[in-house]
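Put the complex together from the two separate chains, hints included.
These protein sequence lines are chains B and E, in that order. Counting from 1, one number per residue, gives the positions in the first sequence under the numbering used here. Counting from 1001, one number per residue, gives the positions in the second sequence under the numbering used here.
Simulated from the structure, these hints should not be mistaken for lab results. Just so it is clear, CB atoms sit at the ideal spot from N, CA and C, and this is done for glycine as well. Wrong hints could be hidden among the right ones.
[To be verified] Negatives, chain E to chain B, calculated, CB over 10 Å:
#1 V1011
#2 L1027
#3 L1029
#4 P1053
#5 T1067
#6 H1117
#7 L1175
#8 L1176
#9 A1271
[To be verified] In the SDA-like style, the derived pairs of lysine to any residue whose C-alpha atoms are separated by at most 25 Å in a straight line are:
#10 K41(B) with A2(B)
#11 K66(B) with P1225(E)
#12 K41(B) with P1225(E)
#13 K41(B) with L1201(E)
#14 K41(B) with L24(B)
#15 K98(B) with L27(B)
#16 K41(B) with L1042(E)
#17 K66(B) with L1050(E)
#18 K66(B) with V17(B)
#19 K41(B) with N1153(E)
#20 K66(B) with L1206(E)
#21 K66(B) with V1048(E)
#22 K98(B) with A16(B)
#23 K41(B) with L1206(E)
#24 K66(B) with N1153(E)
#25 K66(B) with L1202(E)
#26 K41(B) with A16(B)
Now for the letters of each chain:
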Amino acid sequence: MAIGELLSILLLLAGAVFFFAGTLGLLRFPDIYTRLHALTKADNVGLGLMVAGLALQADSMAAVGKLTVIWLLVLLAGASVAHLIAAAARQRGIVPWKR
Amino acid sequence: MTLLPLIFDGVLGFTLLWLAWQLLGSLALFRAIVLFIAFGLLMALIWVRLDAPDVALAEAAIGAGLTGALLLAALARVEPPGDETANLHPEKDGQGDIVSVTEGGGLPFRRWLVALHLVLACGLGYAVLSLPSAAPGLSEAVANNLALSGVSNPVTAVLLNFRAYDTLLEMGVLLLALLAVWSLGRTPDAPAPAAGGVLALLARLLTPLLLLVAGYLLWVGGRAPGGAFQAGSLLGAAGVLLVLAGWRLGRRFAQLPLRITLVVGLALFMAVGLSVMLAGGRFLAYPPASAGGLILLIEAAATLSIGMILAALFLGSRPGSRGGQ
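Isolated chain E, as found in the complex (with noise of 0.2 Å):
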C-alpha cells in the first residue's frame, strides 16, 4: 500500500501550488488573506509529512494563525468592509469576467515576466533534483553530542544550544519588527464589541486553557516537539483574542511593565551567554551540566517576550499613547 501515502502527497503538493496561484491572482484581498490561511495550514500538514512536527506547530500558529491574523487587522484598516476592490479597474468580457486589470505593466512585459519565472523555476528544480537523496548533513554530528546540549529534542538542543546565536538573533529581529511598527503612529481604535457577547465568552474560556497549553509547550520542548516559538505562539494569540473581546492593558503597566515583558526575552538570553563568557567560557557556550536548567529558564523568558511582542503586532499601535486607556 505504498502507492496511497505517495498520492496523498501528491495531492497535497497539488492544492498548494493551486491555492498559490489563486492567492497569487486574487483581486480582491479578503479572499486572498482567507486562501493565505489556508496555504498556511496545508504547509503545517506538509511539515508533518515531512518528519519536522516542530516547524509544523510553528506554521500553524504563527505562519497560518498569527500572521493571518495581522493582514485581516490590516485589511479592516485599510479598506473599510465590502468595498473590496474599489482601487483596482477590472475589464470584464462577455461573461463578466475580469480579463485584465488597468494597473500594472502591458502584456508582453508579463510574458517576460512569466517566462523568467518558468526558467527560475527549472532551475530550482533541477537543483533540487539534483541532490543526493539521503544527506544526512550535521544530523549524526547533532546525535552524538546530544548528551552534552542538556535536552534530548534534537530540534531544541539546535535552536537553543548548538545555534543559540541565529536564535538571539531572531528575538532580535521581533523587537525590531515591533518597534517598527510603533514608530508608524496610531492606528484608529476598532469599536469594542458587546460586553458579555459571544465573543468576550470564548475569550474567557479560551484564555485559560491557552495559558496552560502554552505552559506545557514551554515544558515539553525539551525532550518533544515543542519549545519557546510554539509557547510563545500560542500567548500571543490568547493576547490577540482579547484584544478582539475589547479588553486592553490598564495604564499602569502599559509603560514600564509592558517594556520590560517585551524586552527580557533578549535581554536574559544576552545576560546568560555574556556570564557563561564572564565565566571564563565562550559566549553562548553553556557548562554541559547545567545547559538544561540555562535553556529551560532563556525560553521561559523567552516565551513571555514572543507572546507579548505578537500581541503587541496585532494590537498595532502603542498601549497607552492615547492617555485614559
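Next up, chain B with everything else stripped away, as it sits in the complex (with noise of 0.2 Å):
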C-alpha cells in the first residue's frame, strides 16, 4: 500500500474518532451548553480531518478546493447556528450546568 493511501485511512479513521466522541458528548453531556461545544469542536475538527483525508485522494487540485470550501462552510455555518441556539437557550433561562 502507498504510504499516500496509508496517510489517507489514517486521516480518516483519526475523523471518524472525533465524531464519535462529538456523538458521545452529545449523548452524555449534562446540558445544552456542553452539549453544544462538544458537537462544534469535535465535529469540525473531525470534519477536517476526513476532507485531509480525502484530499490525499482527490483526482485534482480544483476537488481539493471544493473539499476545503466545504469544510470553511461548515466550521463558519455550525459556529454560527451553535451561537444562535446558545444565545435562544440563555434567552429562554436554561442555566448552564454547573457540579
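And the structure:
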C-alpha cells in the first residue's frame, strides 16, 4: 500500500474517532451548552481530518479546493448555528450546568 | 471487499426505516421535524448510492432543507416554544413512559390498521423483488437520442426536452401551491432579530456564495448533475436566510416585479413551446440545432421562479399585504 493511501486511511479513521467523540458528548453531557460545545468542536475537527484524508485521494486540485471550501462552510454554519441556539437557550432561561 | 458496500447499504437502509418509525411515532412535533430532516439527509445519501446525484441534490436541498425549514416555520406559528405536547393527553405507566394517548381510535382498530399495512408492505416487497434485475427501460432510447437533445446530461435531456411537458406542469404546481398559501390570509409576523447579529452576518456572508453556486449549478446542469430545480432551491435557501435575518422586500418590488418574477419561469416555458408550435413544429419539440440554447433559457427563467416561489412559501403571507412594509 502506498504511503499516500496509508496516510489517507489514518486521517479518515482519526476523523471518525472525533465524530464518535462528538456524538458521545451529545449523548452524555449534562446540559445544552456543553452538548453544543462538544458537537461543534469535535465535529469540525473530525470533518477537517476527513477532508484532509479525502484530499490525499482527490483527482485534481479543483476537487481539493472544493473540499476545503465545504469544510470552511461547515465551520461557519456550525459556529453560527451553535451561537444562535445557545443565545436562544439563554434567553429562555436555561442556566448552564454547575457541578 | 464487496461485503463492505453491502454492510454500508444495509446500515443506511435500516437506519432510514428506524428513523421513519421514530418520527412517525413521536408525539413531540419538534422532535419529529428534526428526525424528518435527518431522514431527508439519509435519503439523499441513498440516492447517491443508487447513482442518482441529481435526485440526491434535489432531495438534500428541497426535501431535507427547505421542507424542514417550512415545517419548523409552521410549528413556530402553531405552537409557542416549549409547549410541545400541550394538546395531547398521554397516559404514563409506572416508569413514566407513555403507553397510550387518548386521542385517536381504540386499540383493536389500530391493530387492524397495522395488519393492513403489513399486508401492503409484503405485497409491495413481493412486487419489487419480482421485477427483472436488469431493466434498462427507456435508457437506451435516451442514449440514442441524446445528441439531438442539445445537452449531454441524460437527466437534463429527459427533464427539459423529452419530457418537458411534465416539467412545465411541475412549475404550474409550484405556482398553484404558492397561490394556495397566499389565499390563506396573513400570518403573524415573526419578531425581527437584532441587527448586526450573528444571523445578519451569516446572511451577508452566505447569500453571495449561494447565488454563485446557484449560477454554477444552472450552467453545469447541461453536462453534469445540476439543473434548474437544484439551482432554484439554492436561491430559495438564500431567500429563506434573508427572511430569517429580518430582510423584507421593499414595497416598490413587492407588487408587480415580484409577481413577474414568480410567473416568468412558467410563462417563458409556455412561450417557447407555443413559438415552436407556431414555427411549424409540435408543442415543446425544440429544433435540435437550437435546443441547447432554448433549454438554458428555460432553465434560467425556471431557476429564478423556483427560488422566488420557495422563498415566498417560507415567508408565508403575501409581501406588502401589511402596508408600509
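Now for the hints, and whether the structure bears them out:
no.: 1; hint: V1011; in the structure: holds (14 Å)
no.: 2; hint: L1027; in the structure: holds (21 Å)
no.: 3; hint: L1029; in the structure: holds (18 Å)
no.: 4; hint: P1053; in the structure: holds (14 Å)
no.: 5; hint: T1067; in the structure: holds (18 Å)
no.: 6; hint: H1117; in the structure: holds (32 Å)
no.: 7; hint: L1175; in the structure: holds (31 Å)
no.: 8; hint: L1176; in the structure: holds (33 Å)
no.: 9; hint: A1271; in the structure: holds (37 Å)
no.: 10; hint: K41(B) with A2(B); in the structure: violated (31 Å)
no.: 11; hint: K66(B) with P1225(E); in the structure: holds (16 Å)
no.: 12; hint: K41(B) with P1225(E); in the structure: violated (32 Å)
no.: 13; hint: K41(B) with L1201(E); in the structure: holds (21 Å)
no.: 14; hint: K41(B) with L24(B); in the structure: holds (13 Å)
no.: 15; hint: K98(B) with L27(B); in the structure: holds (18 Å)
no.: 16; hint: K41(B) with L1042(E); in the structure: holds (23 Å)
no.: 17; hint: K66(B) with L1050(E); in the structure: holds (23 Å)
no.: 18; hint: K66(B) with V17(B); in the structure: holds (24 Å)
no.: 19; hint: K41(B) with N1153(E); in the structure: violated (40 Å)
no.: 20; hint: K66(B) with L1206(E); in the structure: holds (16 Å)
no.: 21; hint: K66(B) with V1048(E); in the structure: holds (18 Å)
no.: 22; hint: K98(B) with A16(B); in the structure: violated (30 Å)
no.: 23; hint: K41(B) with L1206(E); in the structure: holds (21 Å)
no.: 24; hint: K66(B) with N1153(E); in the structure: holds (22 Å)
no.: 25; hint: K66(B) with L1202(E); in the structure: holds (20 Å)
no.: 26; hint: K41(B) with A16(B); in the structure: holds (14 Å)
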